[in-house]
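> These are the residues of each chain, in order.
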Amino acid sequence: MARHLVDEEFKAAALHDAVYGLREKRPLSSASVAFVPWQKWLTLGLVAVVILALVFVTIPTLTVLTAVCTAGYIATLADRLLLFSRGLARDAIFTVDDDEARAVPEQDLPTYTVLVPAYNEPEVVGDLIAAMTAIDYPAEKLQVLLLLEEDDAVTIAAAREAGLGEIVEILLVPAADPRTKPKACNYGLHFATGDVVTIFDAEDLPEPLQLRRVAVAFDRLGDDVACVQAKLAFHNGTQNMLTGWFTADYALWFNFVLPGLMRSNSPIPLGGTSNHIRRSVFDEIGAWDPYNVTEDADLGVRIAESGYRTAVLDSTTLEEANSDPINWIRQRSRWYKGYLQTWLVHVRRPVQLWRGIGTVGMLRFTTLLAGTPIIACLNMVFWLITISWLLGQPFLVEEIFPWYVYFPALISLVFGNSAVLYMNLVACRETGNSALWLACLTVPLYWLMMSVAAIKGTYQLIRNPSYWEKTFHGLSS
Amino acid sequence: MRSSAARVFWLSCLLYAAVGLYLALDVAYFQGDSLSRVAAARSALHSRDPHLAAIGFVFTPLTALLQLPLVALSDWWPALTRWGITAVALSAPFMAGAVTQVHLFARDRGASPWLVWTVTALFALNPMIVYYGANGMSEAPFLMLLCWATRRLVRWISTDDVHDLAVAGIAVGLAYLARYDALAVGAAVTVLVVAVTRWRTGGWRPALLDAILVASPVALSFLVWAATSWLITGEALQQFSSSYGNAAILEQSGGGSAGGLAALAFSVAEILVLGPALPLLAPVVAVLAWRRRDLEPVVPFVVLGAVLAFAALSYFRGMTFPFLRFYLAAVPLAAMWVVQLAPRRGQLRARRLGAHATVRPQDRGSLAPVGALALAVSVPVTFVAMGDANLSQEQHALRTVLFPDPDDTSELRDQENRIIASFGTERRVADYLDDLDLPDGSVVMDTVYGFAVLTATDRPEQFVVPSDADFTRILNDPAENGVRYLLTVPNEGRGVSDAVNRRYPTVFENGADIATLDLEIPNDGDNQPTWRLYRIG
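Residue numbers (the numbering used here), protein chains in the order written: chain A, 1 to 477; chain B, 1001 to 1537.
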């Protein structure tokens, strides 16, 4: 290790690989170009066709567009309900109980590397010390790498001052663009010694037995399980209405939708942290894409595409929910942009994707990664149409909603919104978040914020595909 | 377990469908409300102006909506609506569903096979259950949904499974779309859930969240139905405000109670003839439940008792009719309480046990044989009561269907014969008009009484009915709009609400100077009007 740190040549090679590795080895898997030429021309062509059609046959075109959107809504909603229902079974999530986790003898545990990327966040150093000391794992088998940018003087100073070096290794990532979390992690991977690698954010509070549970999970599940994703939840759900909504959102996603995806053998977009991955898999399928702003989701799809599986584990990592609306919108717009990037990357080779994840997997991957942001954008359009219809019942709305579009759209509006709201309520009940009942009932306001974020993210995908919206941490304290 | 439930479902479905087809095709005996739902579905699909809103907003839509797919076929096969077969096709499987739920309820209790099958059979063969499974009324879906909600809530008591809670809530929500009474059930169930969760968790927030989960489906049903009605007709609660609504019908046709003790006594009598075992069961179940610390018997009391209380209260306040079917919930209540005399046995399998799931205590001792005997005795009591004209206004004509007596010339027999003959005149009116081979939109009529003409005709397009968007315009100037006939009823009783009478109050008497009398058709049916067909001009 010490040798690596002084070996400038190794560092340069690691940095080059962290930034360009994926792009050079598997150019089509990299989001460094958002749209490859055929995607660009196809999109522009479609847009041109729609515009021409709108000019020459306005009403039929609008009718077709609303029909297509309605069909998309209903398909996505039906699939989400199915996933939720599958995930709601008690045994849908993979469970390792405490005794079992503690019982594994130290010599049978795999070596572990925890990557903790941080940038410009000196305030979370204290949290990190607490979290890492709490983890129940033999010290000689655990390597914790705190990844700091070389020029991030404040955080480096804070870490040194707190004596962080005693507990974790501080690894300085050479200053270079893109300054993204995946680049730092890719760089850290070159210094990782563990058979299993995971990422935590600096302010995360993983449940102490999580690593041991993962070890049992890898042991018990087959070799085709490349990744174990733990659940993420928030400790500040009751801080304000926004953190309440966000907590309900996560409760639904990690406790029910992800286990539902696992039970359906569908690609699982990984959460930003607490995904535990076999080291050998990185060597085979490549690591994180530094040009994709949701590199975790992208890696999750690549895992599925390569014939591996992801298991969802019943162990929770507590994080801090974004409590500031502007900051939240920045974060969410990045996620939406990243989902679209990921979708665009993986449909570049449709046949290969189809072989990897099958027809249902492909449809589901599309509703999940392209559907989520696009629907969030469209919501704004349809809300405005609904309001204008309620207020004035304009003739145009009647024209573009013939009965065979009108009734499905109405069902989707009433039943769809109620069903999603109801799923939030169930998720809060089952995760012991009954204090969030008001957040569940007012969640449409959250959807409004989602829609704003989606529009922002989609716009940014076109204007500035790899720009990374940094989320500020430490707002709860 | 699944296969036995499937057998119960198909056997009882077959039975109710067979009885329904016999009554419809052989006897030709119909319940007006059942036929009028068929007419609503038909006017939504096959009128001059087909649109879903034509289904109407006075009554909740479930029965008419679910009939749409079958009614759609009536263009090719008018017998489907003429004989009310689409309604039978709805009530039979729903009532079979209610039987299946009672069966599963007994299974969940862990009752021994003889009790499971005895209760299932006695419930399935209860004459009121058979008749309402066969006659196409909204009681069948309503009862099925209530039994479903009851069973899932009983499970929830020990599993704390959110599936059970949610399904119970959704069942009550759907029940509101079948009958308005479900609103009372929704309120009662919410109170029960709050109490249980508060007691179980010691916190108000979990209780509130569970209350929201169980109450929101019925709240949504209520809001959506009221909002739809308001958007389309301008009135949110037509049942109460419309000139075709319940309140107006009561005012026009009489039959509401004068209130007071007599009204209460009537309600009690109705409950007693449907559940003669209840006075015996109630105290025994209460004592046993207390000694066993068993909360389960509270659930049927709350869910089904809410319907009975609502019916009794609305009759007491003179808001509804003295109909036996409003107390139908007494039948499953008695059946379920007999099951709950038996000890709790075994644990319930749940998809997701809740945080406050409890291990189900295993009770001892059983009074179930006594209860089963009481239930067996109840069946003939109910059967006899159904033939009583005072207790059972809507069913007593069945006496004449089952035991005709041509020598009996009493007034009652005569009335029963007229009840059975009801809607035959309307079928002949439809046949007469069909034979005239009129163009579309030739005959103006209101469906207050005309619904049975609408179900019977081969060509619903020849009629102009109030659900047509241009109805008022055409009614104002029939001659100009190609109308050839006005089909009219006397301007009295419910005929007062007939739109043709409201526009031309003397039309039945003298044609109101716009039409000349072509034909008068006296009615064979009971409580059905004499028809007069007026020719325009």
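Hints listed in this document are in silico derivations from the structure and should not be mistaken for laboratory results. For each residue, glycine too, the CB sits at the ideal point set by N, CA and C. Hints may be right or wrong, so weigh each one.
[Said to hold, decoys possible] Which chain A residues face chain B? A few, computed with CB under 10 Å, are given here:
no.: 1; residue: 432
no.: 2; residue: 441
no.: 3; residue: 445
[As the list claims (entries may be wrong)] Listed below are several chain A residues computed to face chain B (Cβ distance under 8 Å; list not exhaustive):
no.: 4; residue: 239
no.: 5; residue: 330
no.: 6; residue: 422
no.: 7; residue: 426
no.: 8; residue: 430
[Stated by the list, open to error] Pairwise CB distance ranges, derived in the manner of DEER restraints:
no.: 9; chain 1: A; residue 1: 163; chain 2: B; residue 2: 1361; range: 38 to 46 Å
no.: 10; chain 1: A; residue 1: 163; chain 2: B; residue 2: 1358; range: 33 to 41 Å
no.: 11; chain 1: B; residue 1: 1520; chain 2: A; residue 2: 403; range: 34 to 42 Å
no.: 12; chain 1: A; residue 1: 95; chain 2: B; residue 2: 1265; range: 55 to 63 Å
no.: 13; chain 1: A; residue 1: 91; chain 2: B; residue 2: 1252; range: 39 to 47 Å
no.: 14; chain 1: B; residue 1: 1252; chain 2: A; residue 2: 56; range: 31 to 39 Å
no.: 15; chain 1: A; residue 1: 360; chain 2: B; residue 2: 1439; range: 30 to 38 Å
> May I ask which of the numbered hints given earlier this structure violates, with the numbers listed in increasing order?
3, 4, 5, 9, 10, 13, 14, 15
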